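Top line first, the protein sequences correspond to chains Y and X. The first sequence begins at 22 in my numbering and counts up one residue at a time. The second sequence begins at 22 in my numbering and counts up one residue at a time.
No lab work stands behind these hints, which were simulated from the structure alone. Among the clues, some could well be false.
No distinction is drawn between identical chains; accordingly, a pair holds when it is met within one copy or between any pair of copies.
[Claimed, not checked] Restricting the straight-line Cα-Cα distance to at most 27 Å, the calculated cross-link-like pairs of lysine-lysine (DSSO-like) are:
id, residue 1, residue 2
1, Lys235, Lys124
2, Lys72, Lys221
3, Lys86, Lys154
4, Lys252, Lys206
5, Lys68, Lys79
6, Lys98, Lys124
7, Lys221, Lys154
8, Lys235, Lys72
9, Lys235, Lys154
10, Lys252, Lys154
11, Lys235, Lys206
From a predicted model like this one, the values you see are computed outputs, not experimental measurements.
Protein chains: 2
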Amino acid sequence: MRAHGSLTERLRVVLVEPEGEVNVGSIARLIKNFGVREFYIVNPKAKLSGKAREFAAKAIDVLEKAVICSSLDEALKDVDVSICTSAIVGGSRDVLRHPITPKELANIVARYSRIALVFGRESTGLTRDEIGKCDLLLTIPANPEYPTLNLSNAVGILLYEVYVAEHASPLYEVADRNVLELIMKYVEDIVRVFNEDERKASRILVSFRRILYKSLPSIGEAYNLLYLVRKIDVMLRECKGKR
Amino acid sequence: MRAHGSLTERLRVVLVEPEGEVNVGSIARLIKNFGVREFYIVNPKAKLSGKAREFAAKAIDVLEKAVICSSLDEALKDVDVSICTSAIVGGSRDVLRHPITPKELANIVARYSRIALVFGRESTGLTRDEIGKCDLLLTIPANPEYPTLNLSNAVGILLYEVYVAEHASPLYEVADRNVLELIMKYVEDIVRVFNEDERKASRILVSFRRILYKSLPSIGEAYNLLYLVRKIDVMLRECKGKR
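Only chain Y is shown next, with the shape it has when bound in the complex (with noise of 0.2 Å):
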């Protein structure tokens, strides 16, 4: 099998038997802000419109399209794996509850093209029979005094995580290195002009150059910072020139 598409076009959000219009509302919202294609609902308890369409914001679309099933079977039907989600962690005997993270569910969705992420009811979560139908199980970690995420919470880091996984890049674009070493030259400039010995000189310079590099400028930072350099060595250099 041959993977397609663009990872969260891959998934299918299965909400079963939500209860609350406000988390049904809230991932219309998600399903639309990391471009998921398929929801679909078993027997919801929440009705889908009031406080679901005012939490759904700009995508009362998403939520007027979903697809409302009688079964876990019938949502499950023409997907190639089904992944359902539960914070409560089996011991070793109980397999049913050995769970794989979210940062492993970005690598199994890479590899499949249709995925179901199934997500149970807010008070109860899904029963062991639903968690026996679902191929694998994930947990989302966190505090063990605490670890039940409220449902919309959870819908959305997963969602988040497989959206990174294929636009980890940066947000913005980084400054060329041109840029980088002539804000170097004036800075090399400046600190001749203080007369330091080599040795502090060196010192200053190695500072400089390191937290400019890791500070993975934008464009528009760096050329700021140029801005500044370049006006402080003129002034330098005037003043220099008067004394």
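Starting from the known structure of chain Y, fit chain X onto it as the hints suggest.
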């Protein structure tokens, strides 16, 4: 400065003029889910009663202990670094809006002792003035067609990201190599019964070995598989004996 404490314990979540009760309550719950220590609210527009208490679930104590401030400056007092969030990313000239990613956040949190994560209003976010008061800006990558996450989902994703940076280990103990090799021994035995030619047998065994080790089986899963292959082996030998 020596940073100390678990990563999420170092965080202070700061909400600026939150408008929705559901969000404030959900965020209190997230704070407990991920073991964050400090929760500050600047001029809450939402009531901290009603829906806020309902959505806080088992974290009503977090809601009750929230520190109410009258200004962002007050909420940022005594922190080592402040990071605000926005869905709006600027062009190359607007350095105020050059963001870091959530993955970069965990690195930063690891280096400081007290970190404020600042979140703006649901309706209008943070003002440019407020963004300017923070040391760094962060954006959660999302679908460019609708990148604005619900407030509580944005908080959840960031707290999760910091939490897993520290607790990234698998959630179950992987079975010992001895057990897996015992499984392989039985499978070899089984394949021998089939009387396949050498090359075919070797391909089957390599495939089984690969699947077994890639699956990182839990102790329970491995012992169940061991039980199965041992049983098959015994039954096949019995069959053979009878013929």
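task = Find the hints from earlier in the document that the structure breaks and name them by number, from lowest to highest.
result = Checked against the structure, the hints that fail are numbers 2, 7, 8, while the rest are satisfied.
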